[in-house]
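Enquirer: Single-letter residue listing:
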Amino acid sequence: MAENFHSLMMGISVSMQPYNFMIAMIGLVLGVIVGVLPGLGGANGVAILIPLTVAMQPISGIILLASIYWGALYGGSITSILFNIPGEPWSVATTFDGYPMAKKGHAGKALVLSFFSHFVGAVLGVIMLSFFAPLIAAFALRFGPAEIFSVMVLTFSAFVGLSGKDPYKTLVSIFIGFILAAVGMDIVTGQLRMTFGSIDLMGGFNFIVAVIGLFGLGEIFLTVEEGLKLEATEGGRVTFKDMAWGVKELIIEWKALLLGCLIGCWMGLKPGGATPASFMAYGFAKQSSKKSDEFGHGASAGIIAPEAAAHGAGTSAALPMITLGIPGSPTMAVIMGGLMIFGLLPGPMLFVEHPDFVWGFIGSCWIGNFIGLLVVLAFAPLFAAVLKIRFAIIMPIIVYVCAIGAYAVNNRVIDIYYMIGFGVVGYLFKKLDYPLAPLVLALVLGDMAESALRQALLISGGSPLVLFAPPIALPIMVAAGLIFFWPTVSGLIKKARMKVGPG
Amino acid sequence: MRKANLGVAVFLFLIGAIVMYDAVRLGWQYDPSSGPGAGFLPFYLSLGVLLCTSVFIVKQVMQLSKIGIVGDEPLIQEGGLKPILWVLLPSTAMVVLVSIIGLHFAAAIFLLFYMRVVGKIGWLECILVSVLFPVGMYIVFDRLFLIPLPDGMLGNYIKLPF
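Which chain is which? The protein sequence lines are A and B, in order.
So for the first sequence, the numbering used here puts the first residue at 1; every next one is plus one.
So for the second sequence, the numbering used here puts the first residue at 1001; every next one is plus one.
It should be emphasised that the hints constitute simulated quantities derived from the structure, not laboratory data.
Treat the hints with caution; some may be incorrect.
Per label pair, the in silico range of CB-to-CB distance [unchecked claim]:
| hint | chain 1 | residue 1 | chain 2 | residue 2 | range |
| --- | --- | --- | --- | --- | --- |
| 1 | A | S13 | B | E1125 | 41 to 49 Å |
| 2 | B | I1076 | A | S198 | 28 to 36 Å |
| 3 | A | P470 | B | G1136 | 57 to 65 Å |
| 4 | A | D200 | B | L1124 | 35 to 43 Å |
| 5 | A | I252 | B | L1144 | 43 to 51 Å |
| 6 | A | V489 | B | L1144 | 50 to 58 Å |
When the alpha-carbon atoms are kept at most 20 Å apart in a straight line, the in silico DMTMM-like pairs for lysine to aspartate or glutamate are as follows [to be verified]:
| hint | chain 1 | residue 1 | chain 2 | residue 2 |
| --- | --- | --- | --- | --- |
| 7 | A | K431 | B | E1078 |
| 8 | A | K104 | A | D293 |
| 9 | B | K1003 | A | D166 |
| 10 | A | K248 | A | E294 |
| 11 | A | K291 | A | E249 |
| 12 | A | K103 | A | D293 |
| 13 | A | K430 | B | E1073 |
| 14 | B | K1059 | A | D166 |
C-beta: ideal position from N, C-alpha, C; glycine also.
Make the full structure from the sequences, and use the hints.
Expert: What follows is the structure, given as structure tokens:
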């Protein structure tokens, strides 16, 4: 433990170096702008900037990418509260109570509450990251291919069983993601798969291009379809009085805060990401509150719970990414893609081979989230002013920037066409309620999952039983099965309880 | 939205069928001498897609025959298709232009077109944004970070003076 503490201090000092500090500031400001703009979200904001990081040191690169994420997490709430326009999907739940509170003339208070809750959620997530990541990584060193594959099965069954969406649609999303990942040259046999003679398809589909299309263009199509209406509220300046009030309110509503943090961390680990976490936390906070009739009219707890959950999920999503190589949210998946471009393969070996990098990253999570809080507290009205620029100007600029990002990944023009194609797919899938996060995750993990499966089968001589080998793979697979059928399982449990009867 | 749901499911079913066809060609079985073939995982993935989409299609068709299409919400809300096409078609045109005159010039035209024709924004503002923004992007990407963005076929003839 003392050793870890020492490493953490070292990591913090790395992220405090002037150059890295400056990078973090730039990333945070860009991130808040990304967060404020609807149609430009955390995942594709990070994806667009990945090409820029290639020229940097890996540690500075990841600090930039992560800072954009932290900034976007903070920034999404600004417009939710002031304009009733969620800048990010994870701040939709904030509009329920944040906007009514701002409308009553307490915009500053609503912003303070949101930023503070974000910060508390972030701190809990980062604490988990700092102290559990080394333990999990050390345990995961014992994993072979079969165990790695079983962890992936667990990850994807969580999407099916716990997301509450149509399981068939979720499954199709996962399969399509893996299929897209398989297009191109097979790394083991060198055969061309699903290219049908096309040279363009030989290079396969890059997931960064997919993210920019699915989340970037798809979101823009949704935004223009609904039309963007600005209903600005007055104020937005944060005073010290508001801050003092905010601290007091957080202490009064400690239950909502704790609930938000815990749901957030759980959703970040499992993985679900920040968006479902914020909705879930709002629902639970409303159910458990004594003043549930205040919800929807500017209740403090209605801001605190979803915001803490969103940021808690965002930061704790880094934990499975860095220890197991399985990102806990779509944005983390993109950041992980950035790591792979640097030649760093996330997973337990990262802790052994590049401890300076890992701890630098964890250190920057501490620093980035803290500076992020100061930045948004000081400049919230300034960032909100970005939305006053007409959408007809911002929209084509976003498309342009997306095109640059898609092209720069592999320097191929065909990728910009793919981006537009993915945009249409993203729009359709969103409309028809096919979840996008598992598709992206499958696309990222496709190659890793396939080679793990093939190696495991080679070791066992073709027997699929190796995937259920005790002592590690078996319990993971059993857990995966339980979670996969969770809706059925929980139904059975309820029935069994009914039969026993009360008492 | 039920018709669109059905349409997308049928489309995904077809994709699954194509992938399965290719997986069988690649060899989907376990080969005792070399392990799982290149089509091993794709085969099971496509099987999964085929199974899930067929269950979904059957469910949809049964629902459709029971309730019918009456009262179904359309996929794209009323008046929503036009603004979407106003984004989709110019963006596609921009990508086509990229291979001819390069990304920055294509983007400048796209920006000018969208702001002026769709956004009805004043000429001065339009021209300022559509000139200054691509120049800024050019400086950041091509000059500062040395990431060459596509010049297009005419790249050697039209060049920025810096």
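Enquirer: Against each hint, give a clear statement of whether it holds in the structure.
Expert: Evaluated hints:
no.	hint	verdict
1	A/S13 x B/E1125: 41 to 49 Å	holds (47 Å)
2	B/I1076 x A/S198: 28 to 36 Å	holds (31 Å)
3	A/P470 x B/G1136: 57 to 65 Å	holds (59 Å)
4	A/D200 x B/L1124: 35 to 43 Å	holds (41 Å)
5	A/I252 x B/L1144: 43 to 51 Å	holds (49 Å)
6	A/V489 x B/L1144: 50 to 58 Å	holds (55 Å)
7	A/K431 x B/E1078	holds (14 Å)
8	A/K104 x A/D293	holds (17 Å)
9	B/K1003 x A/D166	holds (17 Å)
10	A/K248 x A/E294	holds (19 Å)
11	A/K291 x A/E249	holds (14 Å)
12	A/K103 x A/D293	holds (18 Å)
13	A/K430 x B/E1073	holds (15 Å)
14	B/K1059 x A/D166	holds (12 Å)
Hint check: no violations occur; every hint is consistent with the structure.
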